[in-house]
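Protein chains: 2
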Amino acid sequence: MLNVDKQCGTFLYRQVIDLITENMDTGTLLPGDRLPSLRKMSRSAGVSVPTVRQAYVELERRRRVESRPQSGFYVRHRATNDIVRPTRTTAANPAPLRCRPLMERVYDGVNNPDLVPLGIANPSMAKPAAKTLHRMMKRVMARAEERSLGYASTLGEPALRRQIAYHYLDTIGAQVEPDEICITNGGQEALLLALTAVASTGDVIAVETPTYHGMLELIDSLDMLAVEVETCPEEGVTLSELERTLQKYPVKACMFSTTLGNPLGVTMPDQDRERLVRLLEQYDVALIEDDVYGDLRFDGQRPVPAQFLGSKARIVTCGSFSKTAASGYRIGWVVAGQTIDEVARLKRAFSCSSGLLQQLTLAEFLASGDYSRHVKALTPVLQRNSERMRALVAEHFPAETRTSRPVGGSVLWVELPRKVDAEQLFDDAIAAGISIAPGHIFSPCACYTNFIRLSFGHPWNEKTEDAIEWLGQQVTRLAV
Amino acid sequence: MLNVDKQCGTFLYRQVIDLITENMDTGTLLPGDRLPSLRKMSRSAGVSVPTVRQAYVELERRRRVESRPQSGFYVRHRATNDIVRPTRTTAANPAPLRCRPLMERVYDGVNNPDLVPLGIANPSMAKPAAKTLHRMMKRVMARAEERSLGYASTLGEPALRRQIAYHYLDTIGAQVEPDEICITNGGQEALLLALTAVASTGDVIAVETPTYHGMLELIDSLDMLAVEVETCPEEGVTLSELERTLQKYPVKACMFSTTLGNPLGVTMPDQDRERLVRLLEQYDVALIEDDVYGDLRFDGQRPVPAQFLGSKARIVTCGSFSKTAASGYRIGWVVAGQTIDEVARLKRAFSCSSGLLQQLTLAEFLASGDYSRHVKALTPVLQRNSERMRALVAEHFPAETRTSRPVGGSVLWVELPRKVDAEQLFDDAIAAGISIAPGHIFSPCACYTNFIRLSFGHPWNEKTEDAIEWLGQQVTRLAV
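Going down the list, the protein sequences come from chains A and L.
Going by this note's numbering, the first residue of the first sequence is number 19, and it counts up by one from there.
Going by this note's numbering, the first residue of the second sequence is number 19, and it counts up by one from there.
In short, the hints are calculated from the structure, not lab data.
There may be inaccurate statements among the hints.
Identical chains share a label here; the pair holds if one copy fits it or two copies do between them.
Only pairs whose alpha carbons sit at most 30 Å apart, straight line, appear in this in silico DSBU-like list of lysine-lysine [claimed, not checked]: (1) Lys156 x Lys145; (2) Lys394 x Lys145; (3) Lys394 x Lys156; (4) Lys270 x Lys437; (5) Lys394 x Lys266; (6) Lys149 x Lys481; (7) Lys394 x Lys149; (8) Lys156 x Lys481; (9) Lys270 x Lys156; (10) Lys145 x Lys481; (11) Lys145 x Lys58.
Chain A extracted, bound-state conformation (with noise of 0.2 Å):
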């Protein structure tokens, strides 16, 4: 029973509207915490349910809290920056990279476990699918003791592509052949394959920008060149931008990541999508998804990769379990579709085939319902970290500082002061035991100078919360 006071003459769900606030104010009740059920409330503050839900509806009215639907009642983030802009690229010509040995320092950070890993995108989702994984893969060796020390078949393990192929089908409704899935080592090699399967050294290939820096490794290590376009924050990649990079320069695939694309985590909605397609068709340009992020849909729905959308033009899907299951097992696909015999003879020529221990494991972790359980238990996660780290950001970046606003994933992009070199707050983070991700290392021309992406993926705890705040008052330093 809390202190709602019956004989008081103010209205009873008056009262639990100061209950919370209160809590609020108090730092009991955080930005992206869940009230309350309404039942539990009904009960411990001794009032009825339906006087509880109009404390509650009034409380979001007020917009103090929000309601998801199917999972109650969550208190809003009060104080939240803008969002930030599209970015007009400084060179838009097809460019090599610039800042490999940025990248190199960047790794270094992430691969050290001393520091406070906000510099990682992956979210470290062990925790909850270790033991699980664990307990198959031995079953998996006592079953086929000798069998899973010999070679996968250069496609993978059969039982694994059709897993992969029943996933498609479970949450798109897309019909995908077990024989057009490739199985890869980790979405990287999936990228690889795709890349060396529709293009060639020499060749231009478009990317978002922001975008993912080992895209633009991949794109560099191969002697390609990649020319960015315009990327809206909120829409994904700019439609009229793309078509007039496509009438401009001989492009030859496009490698764009239109669901939750690292780091703007943003999803190109469904008509630009097909808009997309259509114009790939018209130019005959390929299109490389990454996809990998996909599942980590904060609402659950999973957009339809535009390969999907029963286009004619070439279009590979790349997927991996590195972001939602187990990075270290290195198990990702492509979904090759009409290059698939080229995908195969690459995957055979560069790497033989991948871990068969860790495909027959996942092929038994998907069927038995254990990942989409997995996931589903994942994503709130991700989004009350990402909602938490917004806030702090909020509260103790400088006013001018713009961030994304992620619907998935595991990353924040974040705009910092004009006058704030981010490759100087990376060297001041590490020195105080933070890592992070300069925006130099999203761009081939190095242009994100006063960028940074945050990641969120990792389990929450003070020194996430303290590293925001010195991040906040290093960024002010630096801006003056």
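Following the hints, position chain L against chain A.
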């Protein structure tokens, strides 16, 4: 007590000789079989140990048996074919790959578990190693539950790199820094990274002939050109021919397997290896040494890879556990030396990092000494299989047939009568339930049309013997 008659006038040791030769003639003792030990024979035949020794030495003089140090006496193969001759290829010009479609069909055969597996090179050594590796992996999962699902670093798990460096020190006394080793997705990715680090599209790469088809597919996939260099089945690459090639073509790198090269199973003598290194220095050509069979010398004498001969040439050594412990783990490595930064950059761009769980497990497998024990137990089995296979080929194939004389590894290279088309034989064999590797795929210009490669790396049984006999009969038919 065997049927040695002490009252008979014949010398006792002659009776032992007769006993052994009779058993050979009736097929109880087969080529490659170990004779009973001196002590055992002395006991069972009721004669003294010196008498048995006298008999065995006499049998060795007659070339019916051979002694092996620290191991005992073994039945010799009486009939063997002449050794294959070095082949002057028809097209020594740099050439793109001709036999892609046939290669694909060979892989289909290799991936079919219902066929007698004479077509796949890697020895299926899972049996002895499986239990130990599984036990160690379970221990790793228990000890590093969450960590083992995360990313390894780009270069790979330090513990494994240290163990690999220690293995070089232990077996050949070479000083390798763990930090110049990059862990890869099997030996194939090791070749990919090494080749991309030292050469680009359009470059000419010198290869042995015949050579491993995986190298040819890799060179072709990267739009490079392979030029073949005559390779002697008893001494490796003919250095005078190599020099002529270096003079004639702008060779950027050599991709050789100077220890137990596949398919010849030949090892280059040490003095030639030193000459090779000097030649490469002189012409400023890089060397990628495929050393994945290095641990499988029958005599246990590991030759020193060229990289460790103290040269200033750019030499990269590629190794793997696929041929010795667990192909399904997909763990190999590059000893990258001065190219380590480039190799690390490419590793990150192509596949981020390799599977952590397998790396931790193999690190323990090496550290415990189990790897060395396992390899020591494996090579005598391979040697025995090799001898049996050569004897059966001599027995069943036409007299003009020639074979390699492998000093290690798991494959036999067989030159058939000129009229025989190995592709036809391959098709007939598949139809008869046997996979083999037709000679075509071991040369970019598909010139080994009357050669096949047979693998003796799998458990030997009646099916193996029947398959060889069937192949011999079929070759005889096709030779007419």
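Quick rundown of the hints versus the structure:
no.: 1; hint: Lys156 x Lys145; verdict: both (18 Å within a copy, 17 Å between copies)
no.: 2; hint: Lys394 x Lys145; verdict: within (14 Å within a copy, 40 Å between copies)
no.: 3; hint: Lys394 x Lys156; verdict: both (25 Å within a copy, 28 Å between copies)
no.: 4; hint: Lys270 x Lys437; verdict: neither (37 Å within a copy, 47 Å between copies)
no.: 5; hint: Lys394 x Lys266; verdict: neither (43 Å within a copy, 63 Å between copies)
no.: 6; hint: Lys149 x Lys481; verdict: within (26 Å within a copy, 42 Å between copies)
no.: 7; hint: Lys394 x Lys149; verdict: within (17 Å within a copy, 36 Å between copies)
no.: 8; hint: Lys156 x Lys481; verdict: neither (35 Å within a copy, 32 Å between copies)
no.: 9; hint: Lys270 x Lys156; verdict: neither (45 Å within a copy, 47 Å between copies)
no.: 10; hint: Lys145 x Lys481; verdict: within (18 Å within a copy, 48 Å between copies)
no.: 11; hint: Lys145 x Lys58; verdict: within (29 Å within a copy, 58 Å between copies)
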